[in-house]
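Asker: Given next are the chains, with one letter for each unit.
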Amino acid sequence: MPSKTDDQLLNDMKGLPDMKMNQDKKQEIISTIRSTDTHSLPKQTAASPGRFSALGKGLAVCSVLAATIWMGATLISNNQQSTMPESITSNTPGSTSASPGPAAGKGNAVTPAPVQPQSEQLLPLIRKDAEKGKVIEVPYSVEQTVFDQVEKDWGKPDHTDQANGLTYSTYAKRGVVFGYNKGMQVVDIRTNDPRLAKLNADMVEKAMGKPGRISEFAGKTIYTYDVTDKYQIKFIFQGKKTASAKDLVLVRYNVYYPQGNKNLMLYGSNADILQSIRDLAKNGQTFGSEYRVEKDLFDDIEKQIGKPDIVATFNGITYNTYMDKGLVFAFNKGMQVVDIRSYDARLQAISQAEVLQTLGKPNNVTTTAGETIYTYKVTPDYELKIIFSGTGGKPEKLYIDHVNIYYPRGTINNMAG
Amino acid sequence: MDKNSIIEQWFLRYSDDIYKFLVYYTGNKDVEDLVQDVFLKALRSLESFEGRSQPKTWLLTIARHTAIDFARKNRLRNWLPDKWLAGVQSEAKTPEEILHLHAEQQALYQAVRKMKPAYREVLILRGIKGLSPKETAEILDWSENKVNVTMHRAMKAVKEHLMQDRKEMVGDAI
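Residue numbers (our numbering), protein chains in the order written: chain A, 1 to 417; chain B, 1001 to 1174.
Note that these hints are calculated values from the structure, not bench results.
Incorrect hints may appear among the rest.
[What the hints assert, rightly or not] Below, in silico cross-link-like pairs of lysine-lysine (DSSO-like), each with a Cα-Cα straight-line distance of 27 angstroms or less:
(1) A:K173 with B:K1114
(2) B:K1073 with B:K1056
(3) A:K20 with B:K1003
(4) A:K198 with A:K240
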């Protein structure tokens, strides 16, 4: 994602539309200017900083005035029912994240107004549309739509990015992102309809049942439901999966067609992807990234792909998350990369049974925090770890969450002890 | 020419500039009354205008102070209870609604709005209004050097904000 130069940004700013006042209003102001008698007006020293020193006095007077008005207003409002319709208390741009709370102006505003119903009603609609491969308020469906059609109807997207082996085109004003494959077939549609923000994981579970799998990436929790044998819904909540379901607020959801994200020219089957992962692992690499553990320094990676979105340090190892790339790089104190994790969506369609069939039995199996980890020693120095979301159950029903290429020797702190 | 005629001439010439500045500065389209205030203040204090700066720069200085005054009064208003405020709710639309800004412009507009006041002022004057560093320095009562440094930092902050917005939109690769 290249950033704009200063000149480009300046041009963009200058290109923001001009605004003109209404002619009638202008005429009105001209009449006021003409009829203003300058001699009867108190003189002001406009634009002088000193003028504002007098504001202190003004402010004090205003405060008294405001307090009087406030008391008066409280008395009035306590004694009369407001006739104002339910209104948003502020239209300040940028205030969308905060929950405004119960709307003022309702006659019985003492009891908090139930805000959920309208949004909860969305969930059956979300499900119904997803069964057809659609997200709410968007007429296009995954699998059936060619992106050219979207572009023809909606115009050029605001920007385009690459991730998951797909191209993602964003229509920012509509809050919709389309992911399409090399054949221009739409396979992923994402929406961040503002109504979603009123939903949480608890409501989703009540309406849709337990998700097929729960995963976590970059501080967000993902619930995946197979709505049909072809289409999935992914609900993305802000917060870690250890949080209470009621605290996980929905930020967006996708309807995804995993089959459409298989590049048959490159990988004929999931077995091909797994073999490729094993080959890459022998070279210290992982799926969706050209960088290598042991050989590459994080400094160089950062220069090429920019700053990470999330940085966390654990046991002397720093983990850098790139949300849009679905990658995490971990490096030691010498900046040497020791662990690379790929959350590529293509991996998440591969079952444990397929892993066992292609890669054979792992050298080690562990379960931790609701995940099953298969470790394959691919070379004397590197380990390939395959992490499945879930423990137990049938191997056909357990799917990959992410894969790591790990260089254990690099994680030993030679400076300590 | 009497004072009223001078201000009338200036109004005819610069009112749209002042209007645009105030719309971007306050984030509100409902600023005609503020425009009127600016020209009435100019009329009252025309004698203090020494002609060292351009009338437009001087008027923009007054407009900035008028907007700051207005914001202060608004802050006082915000102490009032919600129920009372509901009765004085402005139906004014924000610039992106009136102008049907396309998405990229809207993102830019929002980014500028979200900057801290010093950055926002310099971005509006230097960027959106296209004033020179010298004119901007006069209006803000800063040195030219401060204008340039702040503008540089503000542009960097806007770029970072736009990049972040874009990433948020695509979200995570999951």
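Asker: Give a verdict on every hint.
Answerer: Consistency of the hints with the structure:
1. A:K173 with B:K1114: The given pair, whose Cα atoms are some 18 angstroms apart, holds under the 27 angstroms limit.
2. B:K1073 with B:K1056: holds (25 angstroms)
3. A:K20 with B:K1003: holds (25 angstroms)
4. A:K198 with A:K240: holds (18 angstroms)
Checked against the numbered hints given earlier, the structure satisfies every one of them.
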